Structure formats: C-alpha cells, structure tokens
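As they're listed, the protein sequences go chains Y and P. For the first sequence, counting from 1, position 79 maps to 79 in my numbering; every step adds exactly one. For the second sequence, counting from 1, position 136 maps to 220 in my numbering; every step adds exactly one.
It cannot be assumed that every hint is accurate.
Claimed, not checked - What follows is a set of in silico ranges between Cβ atoms, one per label pair, in the way DEER data are often shown:
| id | chain 1 | residue 1 | chain 2 | residue 2 | range |
| --- | --- | --- | --- | --- | --- |
| 1 | P | ASP212 | Y | GLU60 | 11 to 21 Å |
| 2 | Y | SER41 | P | LEU153 | 16 to 26 Å |
| 3 | Y | GLN68 | P | PRO185 | 23 to 33 Å |
| 4 | Y | MET64 | P | GLY382 | 53 to 63 Å |
Claimed, not checked - Derived lysine to aspartate or glutamate pairs resembling EDC-like cross-links, with alpha carbons at most 16 Å apart:
| id | chain 1 | residue 1 | chain 2 | residue 2 |
| --- | --- | --- | --- | --- |
| 5 | P | LYS341 | P | ASP508 |
| 6 | P | LYS214 | Y | GLU29 |
| 7 | Y | LYS6 | Y | ASP21 |
| 8 | Y | LYS9 | Y | ASP56 |
| 9 | Y | LYS15 | Y | GLU36 |
| 10 | P | LYS214 | Y | GLU60 |
| 11 | P | LYS214 | Y | ASP50 |
| 12 | P | LYS415 | P | ASP387 |
| 13 | P | LYS214 | Y | ASP53 |
| 14 | P | LYS485 | P | GLU450 |
| 15 | P | LYS400 | P | GLU359 |
| 16 | Y | LYS9 | Y | GLU29 |
I should point out that these hints are in silico values taken from the structure, not numbers from a laboratory. Here the structure is a predicted model, which is why all the values come from computation and not from measurement. Virtual Cβ for every residue (Gly too), placed ideally from N, Cα, C.
For reference, the chains in residue letters:
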Amino acid sequence: MTKEEKYQKLKDIIKIYLPEDVNIIDVKEDSNFISELNINSANLVDIVLDVEDAFDIRLENEDMDEMQTVANALRIIETKLSEK
Amino acid sequence: MGKRVVITGLGVCAPNGVGLTDFTVALTNGTSGIRFQSELERLKFGCQIAANPLVKDNVLNNYFTPLQLRGLNASGLVYGVIAGMDAWADAGLEPNATNEPYWDYGILFGTGILGVDKFREAILMIDDQKVRRLGSTSVIQTMASGVSAYLGGNLGCGNQVSANSSACTTGTEGILMGYERIASGKAEAMLVGSCSDSGPYVWGGFDAMRILPRGYSDKPTKASRPMSASAAGFVPGSGAGALVLESLESAQKRGAKIYAEVLGGEINSGGQLGEGSMTAPNSLAVQRCIRNAVKNAGINAEDIDAINGHLTATSKDSLEIRNWSAALGRKGRDFPYINSFKGMIGHCLAAAGSIESVASILQFSEGVVFGNVNCEDVHPEIAALIGEDSIPKKTINYSPKIIAKASFGFGDVNACVIFKAFSDEHQAETSR
Numbered sequence: 001m002t003k004e005e006k007y008q009k010l011k012d013i014i015k016i017y018l019p020e021d022v023n024i025i026d027v028k029e030d031s032n033f034i035s036e037l038n039i040n041s042a043n044l045v046d047i048v049l050d051v052e053d054a055f056d057i058r059l060e061n062e063d064m065d066e067m068q069t070v071a072n073a074l075r076i077i078e079t080k081l082s083e084k
Numbered sequence: 085m086g087k088r089v090v091i092t093g094l095g096v097c098a099p100n101g102v103g104l105t106d107f108t109v110a111l112t113n114g115t116s117g118i119r120f121q122s123e124l125e126r127l128k129f130g131c132q133i134a135a136n137p138l139v140k141d142n143v144l145n146n147y148f149t150p151l152q153l154r155g156l157n158a159s160g161l162v163y164g165v166i167a168g169m170d171a172w173a174d175a176g177l178e179p180n181a182t183n184e185p186y187w188d189y190g191i192l193f194g195t196g197i198l199g200v201d202k203f204r205e206a207i208l209m210i211d212d213q214k215v216r217r218l219g220s221t222s223v224i225q226t227m228a229s230g231v232s233a234y235l236g237g238n239l240g241c242g243n244q245v246s247a248n249s250s251a252c253t254t255g256t257e258g259i260l261m262g263y264e265r266i267a268s269g270k271a272e273a274m275l276v277g278s279c280s281d282s283g284p285y286v287w288g289g290f291d292a293m294r295i296l297p298r299g300y301s302d303k304p305t306k307a308s309r310p311m312s313a314s315a316a317g318f319v320p321g322s323g324a325g326a327l328v329l330e331s332l333e334s335a336q337k338r339g340a341k342i343y344a345e346v347l348g349g350e351i352n353s354g355g356q357l358g359e360g361s362m363t364a365p366n367s368l369a370v371q372r373c374i375r376n377a378v379k380n381a382g383i384n385a386e387d388i389d390a391i392n393g394h395l396t397a398t399s400k401d402s403l404e405i406r407n408w409s410a411a412l413g414r415k416g417r418d419f420p421y422i423n424s425f426k427g428m429i430g431h432c433l434a435a436a437g438s439i440e441s442v443a444s445i446l447q448f449s450e451g452v453v454f455g456n457v458n459c460e461d462v463h464p465e466i467a468a469l470i471g472e473d474s475i476p477k478k479t480i481n482y483s484p485k486i487i488a489k490a491s492f493g494f495g496d497v498n499a500c501v502i503f504k505a506f507s508d509e510h511q512a513e514t515s516r
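Bound-form chain P, shown alone (with noise of 0.2 Å):
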C-alpha cells in the first residue's frame, strides 16, 4: 500500500466567492454567481449570462509584480495563480526563499484552454502585420501550462510541474494524479488545481451547440437547474480552485491542519463505444469508475454519505443519478446526500472538478452538507430513484466522513475520488 495522503491546503477563486471565507458563506447560503452579462448581450449570443469570479483589481497586485502585470490579459491565469498561491498560503506553507529548488514539492494545474484573449490579441497583431510588437508576454499567458509555470516560479517547487487536460474532468483529474505521484513515493507534497478562463470566446462554442439556457437574462440566478424538472441547461462559468496535497508523514512533521484524507479515486473512459460519444457518456465506464473508485479507496459502497456529483442541470442528470444508483447498489431512502453546485456557481469547465472539490471538502470542516438550489422541482425520474431527502434544498447541520466527488468530460472521460474525514486512527489505537 502507497503513502497515506492527506489535504493541507485549499484556495479558491469562484464566482460566488474569491478565497475561502467568502465562498464558505457563498455556499452556507445559496448565494449565485451567475449574472447577466452585457458582453454576450453585445455579441447576440443566446445565453447571456454567465458565471465568473469578481477580482478587484487592487487583490490583483497582491499575487502579481507591477511587471507580470504588464499586459496581463488571460482570466484563466488569474484566477489559477489567486487560487495557487491561497492554497499554498493556507497550508502554512512558504515560497521558496532559498537558490535549492523544493526537490519533493510539485505542481499539476489543468486547465482547457489557457489565455484566450491574450490569444485574441495575438491573432489580430499577427494579422495586422504586427507580429514583432508581440512582446514576450503573448506565449507565457497562452500555453497550457501557463499557470503551473507562473506558480512553479513563485514558489521555486522543484519536483514535477505540470499540466493536465480532459475538459470538464480536468480538476477531479487532476487531484488523482497528484494523489498517486504522492503515493508512490515520488513527492512529498503536490499543489493540484485547475483553471478556465471567462468570456465569451470560451463560452461561444457552447452556445453555438445550444447546450445552455436560454431567456434567463431577467432571472439570471435561477438560470442553471440541476437535477431540476426545469433543467435548461448548463450556465457557462469560469474561475480556479486549488488544494495542496500532502503525505500524511510530512502534513504530521509540519503540524499541518489536515482537511481530509484523500483515499483515491479512478480515471477511466468509455471509449465513446456504445452510448457514448465525443459529448455523452458511455453509463457503462461512468459506474466502472464509481464502482472502481470505491475498491481502490479501500471502502465499501455503503460508507459514502455524500456525494457531489458532476450534474450539469441538462437531460443528462437524470442518467447521472441511475448510474450513481446502479455503481453503489443503493436507491431510495438509502441513497446518500447529493448536491451539485452548478446551481451557484455554473458550469466551470475545466475548473469544475477543482471548485467543486474544494467545496465538497469544505463541508468536513463546516461539519455541513451545502444546500442544492434551484431544484424545488426534482426532475420525476430522479425523484423515482432515489428519496427526496437525499437532496437537501438547503445547508444542513451533518458531518459526512466519506465524500465521493466524480466530473465526466467531453470525450467521454471520467474521473470519480474518494475524500474522507481524516483521522489519525494509528495515534487513537496507541492512546488508548
């Protein structure tokens, strides 16, 4: 058996909330952050609201150099290097401050497409015969690897640093493979995390596919509807969230708090064969990598009692739901607790799996499960699965000790890790 691996570290800049106290509260109440947006509005798009985070601009000088602030123009980036360098803070950790790189600390930070509008602005300099007027600023802002390189030299890691990429499953992903490098004994602790950059570049293709809702510009907080009869869509988001994974040996010889354990997970696909497709999943790798995640944390089905699912708020959740129901063999009154956050926080894309982790990890400290909004009317085929109970419509007073947390991506991806309360049970058999 590997190393045991545990959360130190969280930050996250979300839509709803920019840093952990803010967002807490965002989540605790409800509170969205979806609004209209003008831009879309301007470009005749058919959904014209959306979700991203509110960074001032005086927080910006907090994270950046006057110089790195020089023709910044990529969101994604932002909010990746906000959310990086909060997690590590959180961790009681420090920059590197010494000319040694941090030989056991590593970085993985995904994200599905990096720097857009730095993009943009490129594309029309290129084109207007200005390609020399580019500066050097054009490829650090737009390569994939934009934020893990930002934060790597921030920090000085010197282990593996990185970038993952598998669209909406990017985040959850990317937490899995910090987790194993961490296990096997190839680092001591890994800043996992992902990002999506806002606008209407990112969200154009989406809407071009007419996978997001319409005439919710006048009521933009009721806009997005998981699990919900009246699901339209999903609302397209953007933001960053980040945790610091760590060996239960280091977090302990630091004195770190410990949020969690993580106990594993699965990745897998569904080879776009059978019901699956570049957009939908194949139900049948979505419960092999629940059921699969289980076994590899080492737990029985029954011991989930909450989970965060990927729900999306389109036709899909009701699928979503069975297949959750089919993975565990549990239905009815004994399913467990079930939110999505989406309802608040849209559709982060690749920054999903990462916020909504951080937020599925909030709870064991919070000792809550966070409300669903926007799902007053349980779509009838979910509310034929699984009890109404199991999906609370506010916050509620409940300590979960095991949270399954999946993401599914285009091209028929999957991701699904196991978090758990931690406890040292070695040190409470000896005190005994």
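The shape of chain Y in the complex, shown without the other chains (with noise of 0.2 Å):
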C-alpha cells in the first residue's frame, strides 16, 4: 500500500466523523482531529478501531495519546505496518 493510499483509506475513514460543518477537502495532514476538524474527543476512540479494522493492526493506549493530527495516525499506521 502506497503511502498516497493509506492517507485517503485514512480520510475514508475520518469523513463520518466530521461535524456538518467541516468537509472532507478540509482535511490536510497537519490537521488536528479535535482543535481543527472539530471531531467530538469520545469519538476518536471509534476512530481508532476503524483504523484497527481497515489496516488489520492494533493501537495502544500511548498510541492514542499520541494522534493528535492526521499527520500523527499516519505515522502510527506506518509503524505498526512495519512491525507486521
């Protein structure tokens, strides 16, 4: 999977999750999920499992604590891929 895929399976993801008045083309990499996508914080926990789900991987508590932006998951994604 190219970089370019996991991000858009990622925003495939994250779109569900964005208030009426934020749009999917509004998401950019360095985008924070809570303070710019204004994505309700109990949601992000559902985020994470989608993510488990779509990229058949496991996400730790610090890795929660960690993914702040868009940017953030990727690289968490990116890692565990690796470790796979």
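Assembling the complex is the task here: the two chains are given apart, and the hints tell you how they should meet.
The structure is reproduced here in structure tokens:
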C-alpha cells in the first residue's frame, strides 16, 4: 500500500466523524482531529477502532495519546504495518 | 394558581402505527399491532407474541445522522427519538440553529431500561476480554437518560433535560412532572415522553413471571383482552410516545395549535402496604390518586366523560374498574366512557403512559372515543359495576370534554392526569 493509498483510506474513515460544518476537503495532513476538524473527542476511540479494522493492526493507549493530527495517525499506521 | 399548560405537539411510534396519521387510522379502525414473533418461538418463550413498532430502515435517515446510525442497536432510543422529534415538529418548533441554548425549553423522557440489545452486545464483548473494542456508543445508548440526551442535542434545549422512571407509570408520571415545571414558571415548554425497548431481553422477565397469555401464536390479534372475561394476561409491547407541553401564554404568542389543556393530576404510591405489593396495587392508593387528581384539576368527578384506563388484560382489570367507580362515585349507566388501547398495542410498559396519552388526546381533535377490541365478553364483575354502553366496542363519534388517564406500575406506584378540551374561556368572555 502506498502512502497515498493509506492517506485515502484514513480520510475515508475520518469522513463520517466530521461535523456538518467541516468538509472532507478541509482535512489536511497537519489537521488536528479535535481542535481543527472539530471531531468529538469521544469519537477518537471509534476512529482508532476503525483504523485497527481497516489496516488489520492494533493500537495501544500510548498510540492513541499520540494521535493528535492526521499526520500522527499516518505515522502510527506506518510503524504498526512495518512491525507486522 | 400556576400557569395554564396546554399540549401543542404530539409524536408517536406505536406497534399499530408510526406517526400520528397511521396511528389515528389504526385506533379508529381497531387495527392491532400484535404479531407472532418467531424469535420468541426460537427462544422457547411461553408467550410468543408481542407488539412492536415497524420502523422502516429508510425512515431512520430522517432522524439520525450516518454517524449516529453506526452501531445503533437500541430500539427504545430509536422509538424515542422518532416520537420526540415528531412531537417537536408537530408543535411548530424548530431545532435550535443558534449558539444560545433554548433556556426555557426542557426535555423529560423516561424509560424502564434502555438499549438492552446494545448492553448485551457490550456484555458479550467484555466477557470475551474485548472491553477496548466497545467504542464510544455503548454508554450513550444504554444510559437511562439516552433519549433525553439525544433529543437535547438535536434540539438544543437549555432547561431541564432528564429522564424519569417508575415502571409502567413512567409516561403518565412524566406528563405530570413536565406540567408542574411549566405551571410553576420554571420552563415555557417541556418535551415529555417515554419509551420501551423491544425484544426477548425486556420481555423475558415477564414471561418468566407467567403473566403473559399463552396459546395465541396463531391468533395474535385476539390475545390482548382488556376488561374481558377471557383475559389471559398482558401482551408485551414496545414503542414511544411524546408530547410538547407548553404554557398557554407561550403557545398563544406563537400562534400554535392547541390539542388540549392539562388540568393537573396526581402521583402517589400505595407503599406496598395492605393489599399492595411490589406487583399488586393498593386500592386505597389508587382511589386516592384518582380523587386527588380530580381535586387538583379543579373539576368534579361528574365532569369526566371519558377514561383511558391502565387495564392491561389481567385479572386485575375488574379491580381497576371497581377503584375508578369508587373514587369517582359513579357506577352503572352514570359511569363515563372507558377504553383501553392495550387490546391493540399490548402493554408497552414504560412507554404505555405516553403512547396511550397521545391516543387519549387525539380523541379531542378527532371528536371520537376509540373503541375497545377483544372485549365482546365483558367480565361479569365489570358488567356488574358499570353499564355496557360505557365500554364502546367500536370507535364512536363523541366529543369528550374531560378525559382522565391513569397508569399504574410495579412498585405500587400510580399516576392520574386530567386532560380537557381546549377553550379559551377568558377570550370567550371578552368577545361576548
């Protein structure tokens, strides 16, 4: 899977959690999930579960704490996939 | 005296009709929502019939966002949100589009237990050591205040947003609690209602108590027989009803249509003393509840021209009629019209009071008293107390002025509310 494919896959996951006033085209690599994309913090755990299912990996609590931005998420996914 | 309180919106998700139009037609025609349930057969229930609302999947998109629909597995929440949103729209009110909460609008939406299917899902996952896989939806779909929380967010209400619970009295109790909040000037409008989940995990406990009718799998619509000599137990049901209660002042300022006025009522308990117990009513308290409701409403017992009873289709129906008769001091041909909608919709448990109140109030706007089904053979003890004409077997054209509605629940709890056809007496006087 190329980096671009992973990014696209992640964006597809994020899409459903965006509030009405945020569009998917607003999602950039450096976007902060909570402060910029206005995603409900409770939904971050759901994004983590969706990422686990989509990429067949397992994220730990520390990973979740680190996952502040889209770029953070991509890097964590990258690391987990390379460890497989 | 407190503020006058009127009903300006209704919403319903009932076993025999989702939405006011379908529900009204079903009640008028005596259409049953009781069906054979293959799942209950598979699980070897004694009673394999039940009454649940039929909600089409595509309808859900009108009430829930795609995100809310993900992992949604709480039927009571679905029914409650549908009824609540419908009632709000029916009242001509809009969801809040500003950043300022609606400080004067509140929500009180009760239930007995919410999201049992979701809870089961969580239990299975937890027992499988997968608690981390629950996601964020487990709590919000199983908390008792789940419906009021969803509605509160959808509508942006800033007054009290809460949930009451008093078993099968829940819905009727909620109307009185909302009424009191408005009458005392603490809110301008309250969206009140109640819901009950569908399914074996809610109904199983009642099946185990052997209080549900057996042997009706091939004739489900005949199973629920309130006031009948052949009543064999209550048919379990589910659904939700919702009402927008509003101060008369606020309703008139908005130019809202007014279904009826809430004159007041009474809530009490028999203390599980005397003949009362966890599951049986103390007649002393039931009669006191009805008498005080009449008194608090500022009417006389003879003003009541229709009653919607609790009347679940068990052996207790005769006792209930005796209590109404004694409390109102009315018997024989002098007894008002009385009906039970449970013959069509079963006993919707925590949702019963709200669904049946919606139906009772529709009788004002329709100019009818909805008929009773399955009581061709009125119980002799009931026939000895009140006139046969008091129990319409078919919907009759009659415009009730004052309707009394009561609900009784496990824990020996009672609630009785008095509704009145709306007339603006003050306005009538000045225009003369």
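Outcome of the hint check:
no., hint, verdict
1, ASP212(P) - GLU60(Y): 11 to 21 Å, "holds, 19 Å"
2, SER41(Y) - LEU153(P): 16 to 26 Å, "holds, 20 Å"
3, GLN68(Y) - PRO185(P): 23 to 33 Å, "holds, 30 Å"
4, MET64(Y) - GLY382(P): 53 to 63 Å, "holds, 60 Å"
5, LYS341(P) - ASP508(P), "holds, 12 Å"
6, LYS214(P) - GLU29(Y), "violated, 31 Å"
7, LYS6(Y) - ASP21(Y), "violated, 25 Å"
8, LYS9(Y) - ASP56(Y), "holds, 13 Å"
9, LYS15(Y) - GLU36(Y), "holds, 14 Å"
10, LYS214(P) - GLU60(Y), "holds, 13 Å"
11, LYS214(P) - ASP50(Y), "holds, 15 Å"
12, LYS415(P) - ASP387(P), "holds, 14 Å"
13, LYS214(P) - ASP53(Y), "holds, 14 Å"
14, LYS485(P) - GLU450(P), "holds, 12 Å"
15, LYS400(P) - GLU359(P), "holds, 12 Å"
16, LYS9(Y) - GLU29(Y), "holds, 13 Å"
Going through the hint list in order, the structure does not satisfy hints 6, 7.
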